[in-house]
Amino acid sequence: MSKRLLSALEYPNVDNINLSEEQTFRTIVVWLETNKLKSASQQVLNGLKNQTSNDWNTYFDQYKNSLGCPLLKSHLEELHWLLGQAIQLDTAKNKSEYLKHAVDNIKTSSVPNVITENPLDKLDFRGNEFSERINQLANTLKVCRHPDPLITLRAVRKVICTRLAPECVENPRKVILEGTPFPFEDTDLGFDLHDPLLNQAAKVFRILYLHDLRDLQTKANELVVAVQNITANPKTDTKLGQVGR
Amino acid sequence: MVVRQYNEELKYLEKINSYCWRIKKGFQPNMNVEGVFYVNSTLEKLMLEELKNACRPGMVGGFLPGVKQIANVAALPGIVGRSVGLPDIHSGYGFAIGNMAAFDMNDPNSIVSPGGVGFDINCGVRLLRTNLFEKDVYPVKEQLAQSLFDHIPVGVGSKGIIPMNAKDLEEALEMGMDWSLREGYIWAEDKEHCEEYGRMLNADSSKVSTRAKKRGLPQLGTLGAGNHYAEIQVVDEIYDKWAACKMGIEEKGQVCVMIHSGSRGFGHQVATDALVQMEKAMKRDDIQTNDRQLACARINSVEGQDYLKSMAAAANFAWVNRSSMTFLSRQAFAKQFQMAPDDLDMHVIYDVSHNIAKVEEHIVDGKQKTLLVHRKGSTRAFPPHHPLIPVDYQLTGQPVLIGGTMGTCSYVLTGTEQGMLETFGSTCHGAGRALSRAKSRRNIQYTEVLRRLEEMDISIRVASPKLVMEEAPESYKNVTDVVNTCHAAGISKKAIKLRPIAVIKG
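Residue numbers (my numbering), protein chains in the order written: chain A, 3 to 247; chain B, 3 to 508.
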């Protein structure tokens, strides 16, 4: 994986290097810093460039700290982390280039874009008025408020999209699954965080996770059924049957 | 076997609590780990009696007593934890039926043994629910029993009514229930509610002998003989309302269909072929066991790998077999009630396998290990939140289906955390024999058995009535004792009790 990242960054001769060699490791670190990351102070950079020095690791530690690298077990992991940073910088730099190829944009590019201006862009999302109105909306829809009105807005949006969609309003029983209540408070969480509040929160996460998992499984089942529509042809032939002695 | 007086033997056995006994090292030679078995006071008597009988002078031949077999398994190379005997344990070929044992995949000496899986590979139980109640079915139960009997061929040498050619079989062996899905015999949700999702991915039909394939081909979609059956059952008791609710069981009296069957002649041939190979491997690798029937090979050897691949193919065969019978049962019900199986809500609650070896992750002495878990006459019972159980059962634990004997009740249990720790997530599988087949034939008249079923108002359709006494409830341990022991010991939890109203048998 690290090699793939290296080749994405156009590091020379990637196929023939051995990442577990200390010398290679140092060379790559220096290369990354000079060509991609460019964040070290002159003093640290000089220290790193002196690859044969005994102090190299001291400078490397300083360098890692300055980048905010977490504690990792091996040079290989550290290298991987550094590569991740470099890739992030690279992609951020070329973001506009990549976005041209994003699926959404490819789709819409063939359709003439009518709306040149989104009136919502002019809203002041941090203003009091916005926040009050969002909270009103949330109250009406019985959605719990969040201190950040934008997050509340996202929750509101979710409710509108799922529960107030035309098909749901017309035929609520079809869309809203009537589950049977389950006393999840009494169920075993499977682990104990030694804090009732945390346990409660963990249980909520469990339920949310199960909800996602159920959704995924349902989609998988739908896919199987779609394939069955093409392949299925169950047959029986009672003439073949034979009851044993 | 070491020959000792019964009293001497007892010194190696220690009762840990009311439901659990320890078998200390030294009970049999070279034990790598200790043994353990779960019994209540009734089953305990049966267990010790068997040992006592074996200690009498001049007792040779037949299988070793169950306790001795547990201890011999504990002496196999690479075993970890304990060799576990479940409450329904009874002597079998090499391993006792109701014995589970786990072997460390990372230990090069660890073995795989066909005797630890059994001859009927992936013998298992499937439970379908319906939205019918006893009052809907009772008036037509004779017709329904007949209809099931007409759809599902039973008995020794029976042949299935689903047309299959050699190519279909090859595909079915590789694909398991995905084959049944592709061909449209089952529903997408059936796969979801099946152990292993109805397909062992390491199956390789090229490792299976032509003889096995020849035996298996005409038998797909047949029930077989022995203790295999299809039963129409009604919910008799609900112990765990919420677990039952997750399974779609709302009330007493609800009608279910239970199918107990395996891989027929196919699995038997795979096991037989493997045993021949294993004996060669044992000689070559110098593997020592206490009992010749414990033929085995190192997991990493060619023989070991070949067996695992062909066993997986046999497991897939069994799942396709049970799936075909699911299809046929749905047809039978649909015809009788003039309703689509969907409208009868005939969903699979779960499908368990109680003769299989599988690679699983477990915690041993605080460390996560990859183990090859042999379950022979033992059912997987994973606890709530285990990643390998279906999403619908994440909060309740895996449903465990315990088939009773002809005319007695069956149970649905759920897996527990304690079972995960004590028995590698395993529990009992059924009633477990108390009398050998031969003994049952001598002791009981078949007419008597059939008369008693009639008295209990159970419709029965049977291919070979003269073999019925082998399967009479008297020949078995009491399934309620077995299940209560598992519940009390905490290795699984009672959820539902079912009683039969119609039985189809080989």
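Check the hints yourself; a few may be wrong.
Unchecked claim - Example chain A residues on the side facing chain B (calculated, C-beta under 10 Å, incomplete):
1. 80
2. 83
3. 86
4. 206
5. 208
6. 210
7. 212
8. 222
9. 237
As the list claims (entries may be wrong) - Each pair of labels, with its calculated beta carbon distance range:
10. 220/A to 445/B: 49 to 55 Å
11. 211/A to 169/B: 15 to 21 Å
12. 51/B to 244/A: 37 to 43 Å
13. 218/A to 290/B: 25 to 31 Å
14. 252/B to 210/A: 25 to 31 Å
To be verified - The calculated lysine to any residue pairs, modelled on SDA-like cross-linking and capped at a C-alpha distance of 20 Å, are:
15. 254/B to 139/B
16. 215/B to 242/A
17. 221/A to 191/B
18. 95/A to 57/A
19. 137/B to 158/B
20. 311/B to 208/B
21. 143/B to 216/B
22. 176/A to 208/B
23. 95/A to 83/A
24. 205/A to 419/B
25. 124/A to 155/A
26. 221/A to 190/B
27. 241/A to 139/B
28. 176/A to 347/B
29. 241/A to 243/B
30. 237/A to 344/B
31. 243/B to 163/A
If you're looking for bench data, these hints aren't it; they were derived computationally from the structure.
Heads up, the beta-carbon is just placed ideally off N, CA and C, and yes, glycines get one too.
Here's how the hints hold up against the structure:
The interface hint given for residue 80/A is violated, since its Cβ lies 26 Å from the closest Cβ of chain B, which is over the 10 Å cut-off. Using the Cβ-Cβ criterion of 10 Å, the hint placing residue 83/A at the interface with chain B is not satisfied: the shortest such distance is roughly 25 Å. With a least beta-carbon distance of about 27 Å to chain B, the hint placing residue 86/A at the interface is violated under the 10 Å criterion. Violation of the interface hint for residue 206/A is found here, the shortest Cβ-Cβ separation to chain B being roughly 13 Å, above the 10 Å cut-off.
Checking residue 208/A against chain B by beta carbon gives a least distance of about 7 Å; that is within 10 Å, so the hint holds. Contact between residue 210/A and chain B, as hinted, is not supported at the beta carbon level, the nearest pair being about 12 Å apart and thus beyond 10 Å. This hint holds: residue 212/A has a C-beta 5 Å from the nearest C-beta of chain B, less than the 10 Å allowed. Given the 10 Å rule on beta carbons, the hint for residue 222/A holds: about 8 Å separates it from the nearest Cβ of chain B.
Restraint check, residue 237/A versus chain B: the minimum CB separation of about 6 Å is within 10 Å; hint holds. Residue 220/A and residue 445/B have their C-beta atoms about 53 Å apart, which keeps the hinted 49 to 55 Å range intact. Between residue 211/A and residue 169/B the beta carbon distance is about 42 Å. The supplied range of 15 to 21 Å is therefore violated. One distance hint, 37 to 43 Å for the beta-carbon pair residue 51/B and residue 244/A, holds here, with the actual separation near 42 Å.
At roughly 49 Å, the beta carbons of residue 218/A and residue 290/B sit outside the given window of 25 to 31 Å. For the hinted restraint 25 to 31 Å between residue 252/B and residue 210/A, the CB-CB distance of approximately 26 Å keeps it satisfied. At most 20 Å may separate the alpha-carbon atoms for a hinted pair to count; residue 254/B and residue 139/B meet this at roughly 14 Å. For the hint linking residue 215/B to residue 242/A, the alpha-carbon distance of about 18 Å falls within 20 Å, and the restraint holds.
About 11 Å separates the Cα atoms of residue 221/A and residue 191/B, which keeps this hinted pair within 20 Å; it holds. Proximity of residue 95/A to residue 57/A is assessed by CA-CA distance (about 33 Å); at most 20 Å being required, the pair is judged violated. For the suggested pair residue 137/B and residue 158/B, the alpha carbons sit about 34 Å apart, so the restraint of at most 20 Å is broken. Under the criterion of a C-alpha separation no larger than 20 Å, the hint pairing residue 311/B with residue 208/B is consistent with the structure, at around 9 Å.
With a C-alpha separation of about 36 Å, the suggested pairing of residue 143/B with residue 216/B is violated against the 20 Å cut-off. For the proposed pair residue 176/A and residue 208/B, the alpha carbon gap of about 48 Å is over 20 Å, so the pair is violated. Straight-line distance between C-alpha atoms of residue 95/A and residue 83/A comes to about 19 Å, which keeps the hinted pair within the 20 Å bound. About 17 Å separates the Cα atoms of residue 205/A and residue 419/B, which keeps this hinted pair within 20 Å; it holds.
Among the hinted pairs, residue 124/A with residue 155/A is consistent with the structure: their alpha-carbon atoms are about 16 Å apart, no more than 20 Å. Restraint check: the Cα-Cα separation between residue 221/A and residue 190/B comes to about 11 Å, which is no more than 20 Å; the hinted pair holds. For the hint pairing residue 241/A with residue 139/B, the CA-to-CA distance comes to about 28 Å; that exceeds 20 Å, so the pair is violated. Among the hinted pairs, residue 176/A with residue 347/B is consistent with the structure: their alpha-carbon atoms are about 17 Å apart, no more than 20 Å.
Of the pairs offered as hints, the one joining residue 241/A and residue 243/B is violated, with about 45 Å between alpha carbons and a cut-off of 20 Å exceeded. Proximity of residue 237/A to residue 344/B is assessed by CA-CA distance (about 18 Å); at most 20 Å being required, the pair is judged to hold. Only pairs whose Cα atoms come within 20 Å are accepted, and residue 243/B paired with residue 163/A is rejected, the gap being roughly 35 Å.
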